[in-house]
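Asks: Which chain is which? The protein sequence lines are B and G, in order.
Heads up, the first sequence is in the working numbering, so the first residue is 11 and it goes up one at a time.
Heads up, the second sequence is in the working numbering, so the first residue is 208 and it goes up one at a time.
Hint data in this document are derived by calculation from the structure and do not stem from the laboratory.
As the structure is a prediction and not an experimental result, all values here were calculated from the model.
Possibly wrong hints are sitting among the right ones.
Below, simulated DSS-like cross-link-like pairs (lysine-lysine); rule was C-alpha separation at most 30 angstroms, straight line [to be verified]:
id, chain 1, residue 1, chain 2, residue 2
1, G, K311, G, K278
2, G, K229, G, K265
3, G, K311, G, K265
4, B, K67, G, K229
5, B, K67, B, K24
6, G, K311, B, K67
7, G, K249, G, K311
8, G, K265, G, K249
9, G, K264, G, K229
10, B, K21, G, K249
11, B, K67, G, K265
12, G, K278, G, K264
13, G, K229, G, K249
14, B, K21, G, K311
15, G, K249, B, K67
16, B, K67, G, K278
17, B, K24, G, K249
18, G, K265, G, K275
19, G, K229, G, K278
20, G, K311, G, K264
21, G, K311, G, K229
22, G, K249, B, K81
23, B, K24, G, K311
24, B, K67, B, K81
25, G, K264, G, K249
26, B, K21, B, K81
27, G, K275, G, K264
28, G, K278, G, K265
29, G, K275, G, K311
30, B, K21, B, K67
Partial selection, computed: residues in chain B whose CB lies under 10 angstroms from chain G [said to hold, decoys possible]:
id, residue
31, G26
32, R41
33, Q47
34, F55
35, L65
36, P80
37, G82
38, G117
39, P118
All C-beta atoms in this analysis are idealised placements derived from N, C-alpha and C, irrespective of residue type, glycine included.
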Amino acid sequence: DTGVSQDPRHKITKRGQNVTFRCDPISEHNRLYWYRQTLGQGPEFLTYFQNEAQLEKSRLLSDRFSAERPKGSFSTLEIQRTEQGDSAMYLCASSWGQGAWDTQYFGPGTRLTVL
Amino acid sequence: GENVEQHPSTLSVQEGDSAVIKCTYSDSASNYFPWYKQELGKRPQLIIDIRSNVGEKKDQRIAVTLNKTAKHFSLHITETQPEDSAVYFCAALSGANSKLTFGKGITLSVRP
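Go ahead and model the full structure; you've got the sequences and the hints to work with.
Replies: Structure representation (structure tokens):
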């Protein structure tokens, strides 16, 4: 499968624990995005990488959230001291391009449940 | 920032009929407008997109129209089939950071 992949697909954790998600973009895609989706809503932008550089972070991304893309390939999203409000689907997307009109392809998401 | 709204929130049509889903956006600098289809428990899948230098784009049963003056764009599905039943999201992209702003989605139900 050459699409965007995410791991794990589901994560159940207790409030206060740290969790880390991984995203593997489509090979050779230079841009990678993280979104969060809650029930009945569209995806909300969290952060964006071009190669290894994190170019933008949403105000939704509190200091408990951190994302990395150390070698410009896969990315990780870590949530520290999880709260019940963090429960959501975390989607990763990737694209190739230099301009602003890149088509973004989504992964299957990681569903986080914080008890 | 950009604000994207979708209307209606649900739409039910008879198989074979056409469906039209409308979106409005607020940022006149937005220049790219994709539509995604999301089935229950699955990833959003791009079905069609349009750039601001084009007024209409068609791909088989699906078409998208863009009115930049009014800041709205619409998805048209003809000859609907039960497998078209899903949640459809519109989105708008503005600026150089490739950040997409999504609408809340519309649940389309196609009655057999």
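Asks: Enumerate the violated hints, using their earlier numbering and listing them in ascending order.
Replies: Structure breaks hints 11, 31, 36 and 37.
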